[in-house]
Amino acid sequence: MYRGREGQWAFVLHRITGVALALYLLLHVFDIGLVMYGPKGPFNAFLAFYHQWPFRIGLVLVMAAVVYHGLNGLRIILMDFTSWGVRYQRSLWYGVLTLTTGIGIPILIKVVPEILAGKV
Amino acid sequence: MNVTFRIKRFDPEKDARPHWQEFKIEAGPMDRVLDVLNELKWEQDGSISYRRSCAHGICGSDAMVINGVNRLACKVLVKDLGNEIAVEPLRGLPVLKDLIVDMEPFFDAYKAVLPYFINDDPAPVAERYQSVEDRERFDATTKCILCAACTTSCPVFWTNGRYLGPAAIVNAHRFIFDSRDQGADQRLQTLNQVNGLWRCRTAYNCTEACPRGIPITQAIEEVKRELLWRRN
Chain B
1 MYRGREGQWA FVLHRITGVA LALYLLLHVF DIGLVMYGPK GPFNAFLAFY
51 HQWPFRIGLV LVMAAVVYHG LNGLRIILMD FTSWGVRYQR SLWYGVLTLT
101 TGIGIPILIK VVPEILAGKV
Chain C
1001 MNVTFRIKRF DPEKDARPHW QEFKIEAGPM DRVLDVLNEL KWEQDGSISY
1051 RRSCAHGICG SDAMVINGVN RLACKVLVKD LGNEIAVEPL RGLPVLKDLI
1101 VDMEPFFDAY KAVLPYFIND DPAPVAERYQ SVEDRERFDA TTKCILCAAC
1151 TTSCPVFWTN GRYLGPAAIV NAHRFIFDSR DQGADQRLQT LNQVNGLWRC
1201 RTAYNCTEAC PRGIPITQAI EEVKRELLWR RN
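The listed protein sequences correspond, in order, to chains B and C.
Note that our numbering gives residue 59 to position 59 of the first sequence, counting from 1, and the numbers run on in steps of one.
Note that our numbering gives residue 1074 to position 74 of the second sequence, counting from 1, and the numbers run on in steps of one.
One should not assume that every hint holds.
Think about it this way: if two alpha-carbon atoms lie no more than 25 Å apart in a straight line, the pair counts; the simulated SDA-like pairs of lysine to any residue are [as the list claims (entries may be wrong)]:
| id | chain 1 | residue 1 | chain 2 | residue 2 |
| --- | --- | --- | --- | --- |
| 1 | C | K1008 | B | L78 |
| 2 | C | K1075 | B | Q8 |
| 3 | C | K1143 | B | G85 |
| 4 | C | K1014 | B | T17 |
| 5 | C | K1224 | B | M1 |
| 6 | C | K1224 | B | H51 |
| 7 | C | K1079 | C | Y1116 |
| 8 | C | K1224 | B | F81 |
| 9 | C | K1224 | B | E6 |
| 10 | C | K1079 | B | Y2 |
| 11 | C | K1097 | B | M1 |
| 12 | C | K1143 | B | R15 |
| 13 | C | K1224 | B | L13 |
| 14 | C | K1143 | B | L13 |
Computed from the model, here is a short list of chain B residues facing chain C with C-beta under 10 Å [as the list claims (entries may be wrong)]:
| id | residue |
| --- | --- |
| 15 | R3 |
| 16 | R5 |
| 17 | Q8 |
| 18 | A10 |
| 19 | F11 |
| 20 | Y50 |
| 21 | M79 |
| 22 | F81 |
| 23 | Q89 |
In short, the hints are calculated from the structure, not lab data.
All values derive from a computational prediction rather than experimental measurement.
Positions of the beta carbon are idealized from the N, C-alpha and C atoms, including for glycine.
Let the hints inform the model, and build the full structure from the sequences given.
Below, the structure written as structure tokens:
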């Protein structure tokens, strides 16, 4: 493993979340598309299937990925289009991580008790 | 200091794949990694192969992966690494033997950006005048020694060896922003191709690896913006 610093890990996380979100989006479009088969179609069965706890944890990860990928995208825009972005890239990345965590905590407070209670 | 020194060895005539070899050696804290390598080659195992020339951080021959990061062996002190030292050949270039890699793909990318002065105007009687401010514009990128530490630290280059890489872009920057030069359009055209400038994903490994302290990512971003604004 190459011992890169913040910039390398920002890039690796951005790529992983990007690929994961692209795959999720395909699945999401497929699922929502099942609506066209009407109320007796497979849509509701899939919906119930996805309410099992592994998928709900997956959904928390999807939300974390969206927030990280979006915020780091703003970091990249600042680096690409301002003269100072590159100089502050490390601080910007720590900002991205802090904001991702900050936005993630309320999501966890809302979702984790629901998962533990087995609510659908 | 008692140092455990590990080298990733590869002999194309004997080995199917590279393997680690461990040496025990007594080294001084102010010894450089290159001194330790020399000591091992001269006293313990003459078959250890690596490049070195000036041994003072100028020729750029002895770039290698030292404890997981790209460094010049002649610029890293043993005391800054501790008792465990591991050296490997640069990544992304074919290994010829032990720590020696084939630098040809690296120099091909370098040549592609026309890294020389282009100006077809007749030479003036005196020098081609350049103000201090104009010279300052590309000062950082004049410092490159072509050691390949930047290009071979780039995750994009590891997976796509056809990417021109940071070193080529740095040397393009050196002439693109030279007020006396007239070849910027040709260079930008090369950099605008599919394996050119836009492959940079700003992972900053190049900037961290450069033994000359060149702000490489900053230079790459400046060339990106130059290309973008010129197109409009």
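Quick rundown of the hints versus the structure:
1. In summary, the hint linking C/K1008 to B/L78 is not supported, as the alpha carbons are separated by about 40 Å, beyond the 25 Å threshold.
2. Under the criterion of a C-alpha separation no larger than 25 Å, the hint pairing C/K1075 with B/Q8 is consistent with the structure, at around 23 Å.
3. For the suggested pair C/K1143 and B/G85, the alpha carbons sit about 23 Å apart, so the restraint of at most 25 Å is met.
4. In summary, the hint linking C/K1014 to B/T17 is not supported, as the alpha carbons are separated by about 42 Å, beyond the 25 Å threshold.
5. At roughly 29 Å between alpha-carbon atoms, C/K1224 and B/M1 are farther apart than 25 Å, so this suggested pair is violated.
6. For the hint pairing C/K1224 with B/H51, the CA-to-CA distance comes to about 46 Å; that exceeds 25 Å, so the pair is violated.
7. Only pairs whose Cα atoms come within 25 Å are accepted, and C/K1079 paired with C/Y1116 is rejected, the gap being roughly 40 Å.
8. For the given pair, C/K1224 sits about 9 Å from B/F81 by alpha-carbon distance, which is consistent with the 25 Å threshold.
9. Of the supplied pair hints, the one linking C/K1224 and B/E6 holds, its CA atoms being roughly 22 Å apart against a limit of 25 Å.
10. Taking the CA atoms of C/K1079 and B/Y2, the gap is near 21 Å; set against the 25 Å cutoff, the hint holds.
11. About 21 Å separates the Cα atoms of C/K1097 and B/M1, which keeps this hinted pair within 25 Å; it holds.
12. Restraint check for C/K1143 and B/R15: not satisfied, since their Cα atoms lie roughly 32 Å apart, outside the 25 Å limit.
13. Note on C/K1224 and B/L13: the hinted pairing holds, with a Cα-Cα distance of about 23 Å set against a maximum of 25 Å.
14. A threshold of 25 Å between alpha carbons decides the hint, and for C/K1143 with B/L13 the separation of about 32 Å lies outside it, so the pair is violated.
15. For B/R3, the suggested interface contact is upheld, since its CB lies about 4 Å from the closest CB of chain C, less than 10 Å.
16. Because the beta carbon of B/R5 sits about 5 Å from the nearest beta carbon in chain C, less than 10 Å, this interface hint is met.
17. Because the beta carbon of B/Q8 sits about 5 Å from the nearest beta carbon in chain C, less than 10 Å, this interface hint is met.
18. Hint status for B/A10: holds, given a least beta-carbon distance of 8 Å to chain C, under 10 Å.
19. Of the supplied interface hints, the one on B/F11 holds, with its beta-carbon coming within about 4 Å of a beta-carbon of chain C, less than 10 Å.
20. The beta carbon of B/Y50 comes no nearer than 33 Å to any beta carbon in chain C, farther than 10 Å, and the hint placing it at the interface is violated.
21. Hint on B/M79 holds. Least Cβ distance to chain C is approximately 6 Å, under the 10 Å limit.
22. For B/F81, the interface hint holds, the least distance from its beta-carbon to any beta-carbon of chain C being 7 Å, beneath 10 Å.
23. Because the closest C-beta pair between B/Q89 and chain C is about 7 Å apart, less than 10 Å, the hint holds.
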